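Sequence order for the protein chains is A and B. The working numbering applies: residue 1 is where the first sequence begins, and numbers increase by one. The working numbering applies: residue 1 is where the second sequence begins, and numbers increase by one.
Incorrect hints may have been included.
Said to hold, decoys possible - Label pairs and their calculated CB-CB ranges:
(1) E126/A - S275/B: 43 to 49 Å
(2) N184/A - G165/B: 35 to 41 Å
(3) Q150/A - S275/B: 37 to 43 Å
(4) E204/B - S111/A: 49 to 55 Å
(5) K83/B - P47/A: 47 to 53 Å
(6) N184/A - K83/B: 35 to 41 Å
(7) G49/A - E94/B: 45 to 51 Å
(8) F207/B - E93/A: 50 to 56 Å
(9) P291/B - E93/A: 29 to 35 Å
(10) E97/A - G165/B: 57 to 63 Å
(11) D176/A - G165/B: 44 to 50 Å
What the hints contain is simulated information worked out from the structure, not anything from laboratory work. Please read all numbers here as calculations on a predicted model, not as lab measurements. Note that CB positions come from ideal geometry on N, CA and C, so glycine has one too.
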Amino acid sequence: MTKGLFLSLALCFSSLAMAHTAMPGPAFYRSLTNKIRPDGHFRIYMPDGRHQDVTYHFKFAKPIYPEPIVTDQNWGVGDTIRLFWDRIVFDDESYLEVGGERLPLTCVFVSGQDNRFSKGGMLTPEFLIRIYLVANDFACEGPIRKGWPQIGGKKEAWDTYMHYEVRDPTIMLPQDAVLRYRWNEINAVLIDKGN
Amino acid sequence: MRVLIYLIVGLASLTSWAGPVWYPMPAEAYQFGRKYPDAQRLLYAFDYGHALVYERLLHSRGKINDAAEFEKKILSEVLAILKNPPNVKVEEDEIAPDYVYKFPLTVNAFDWSHMLHQFVLDVLATAPDRGKVMKARVNEIFSQYKANHLLAITDVCKTMLFMDGHYFSKAFRRTFPSFNLLIWSYHWFQIRLYEALLKPTEMERNFAVKKTVDDFWALISNLPDSAEFDMMPDTATEAPTFAKLFPRIPPAFDNNHMLHDIVSDILVSSRVADSDIRKEGVRTARMAQDPDAFRSNICPEP
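In isolation and in its complexed conformation, chain A is listed as follows:
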């Protein structure tokens, strides 16, 4: 009984605290981008056992946006979904290695969602950060081509990238990873071998 009351009070206080949390500025979202794991090792499992390993390493160079772009979607009182986007170019030493082939990893594109100010359910993650580690595009223009569909042609710009989602910025764990290699897409799983 006492335990239940305590839990209810704690939840109440945490909700109130959340309701009064000031919405952060763009610098906060840039700090999330900066926390993306600079190294990753993934495995693409194959039924015949000939699994394929994919690794990446990057070092940030220069942001394309001076600060992340932030916008709010208001669904009602106290129900706001905050969206943010960021784009940073990588240093030339950054790479994505697929099947022994080392490709230049050129930039990161982040498309994120801050759910802390929305009325999501208990299972809704506070953050949903979609990360594209893009290879071969030194202009970092994507995922949709500028001017599409008016300019015709392909909708998407990037032929090769590692994409994953992060739902918890404390650990920045890559989840639901997908490798796109020369337009072909395949699911990959993070392998944490330690250092």
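Use these hints to put chain B onto chain A, whose structure you have.
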């Protein structure tokens, strides 16, 4: 029916493209081709020919036993394309998927620079005057080009060492002298068009463009003897009026042309290990972008 086929082919070629986008495109974009279809189709054929050669060289690395025979065969294929050029821009990744994949920064920078080439021609072909309006418009497009710091090739003059001062330099022209002269003839044609389009009257311009097309055919009529280039043609020499009006653009074009030769050398030279091709591609493209790399204090005089 024929128009419909061209339209379908045109749309199909657009669907493959995922390079940098100049958006919004200038109002004059691709108008040069409406006025001068023969010259425009040749430019499309050059793109095709360049990409085809790069792809073949990449796939044939270390396997060419008879360079003269290889050159003869590929020259005949490219000449067939030049004689029957495409009506639309053919995207490089359709013709040369492995080359495009090996040289991502170079291809990005070429794409961006080729758009500048094209749009300058489009403005020159359509501007109502040869004075203020035209000049302002070309400079506006050049500013847009330069604003893309991630892809723009520098407009600062470089010494010839940029092209010829690497451990792999001159491999292409030594191995395939006729093909090298064909490529230099492409460059000559592109820059001579700028000069032709600066003639004061439309009639003179039309005549000059036609003469440039005819001269190009004469240049490549009997390679290697027909094209007497000792060195890669430069913009200030071949297009002096253009160079005086737009002094910053010629170095940007010349640096682009030098980078083309560098790519050919990387692909041909046995001194470049297969595993180093991608790295050398990025390294040399960065040099093309860097105003301080191989910087020359003296630019070619118009």
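**Asked** D176/A and G165/B, beta-carbon distance inside 44 to 50 Å?
**Response** holds, 49 Å
**Outcome for the supplied range 45 to 51 Å, where the beta carbon pair is G49/A and E94/B** = violated, 36 Å
**Request:** Could you say whether the range 35 to 41 Å given as a hint is met by the Cβ separation of N184/A and G165/B?
**Result:** Roughly 40 Å apart at Cβ, these two residues keep to the hinted range, so it holds.
**Message:** Taking the Cβ atom of E97/A and the Cβ atom of G165/B, is their distance within the range 57 to 63 Å?
**Reply:** With a Cβ separation near 31 Å, E97/A and G165/B fall outside 57 to 63 Å, so the hint is violated.
**Request:** Check the following: the C-beta atoms of P291/B and E93/A are separated by a distance inside 29 to 35 Å.
**Result:** For E93/A against P291/B, whose Cβ atoms are near 22 Å apart, the range 29 to 35 Å is violated.
**Request:** For F207/B and E93/A, compare the CB-CB distance with the range 50 to 56 Å and indicate the outcome.
**Result:** holds, 53 Å
**Asked** Can the suggested window of 47 to 53 Å be confirmed for the beta-carbon pair K83/B and P47/A?
**Response** Given range 47 to 53 Å: holds, Cβ gap about 51 Å.
**Message:** Given a hint of 43 to 49 Å, does the C-beta separation of E126/A and S275/B actually sit inside it?
**Reply:** Check passed, 44 Å falls within 43 to 49 Å.
**Request:** Determine whether the Cβ-Cβ distance between Q150/A and S275/B falls within the hinted range of 37 to 43 Å.
**Result:** holds, 42 Å
**Asked** Would you say the C-beta atoms of N184/A and K83/B sit inside 35 to 41 Å of each other?
**Response** This hint holds: roughly 37 Å between Cβ atoms.
**Message:** A range of 49 to 55 Å was offered for this pair. Does it hold for the Cβ distance of E204/B and S111/A?
**Reply:** This hint holds: roughly 54 Å between Cβ atoms.
Hints 7, 9 and 10, counting from the list given before, are not met by this structure.
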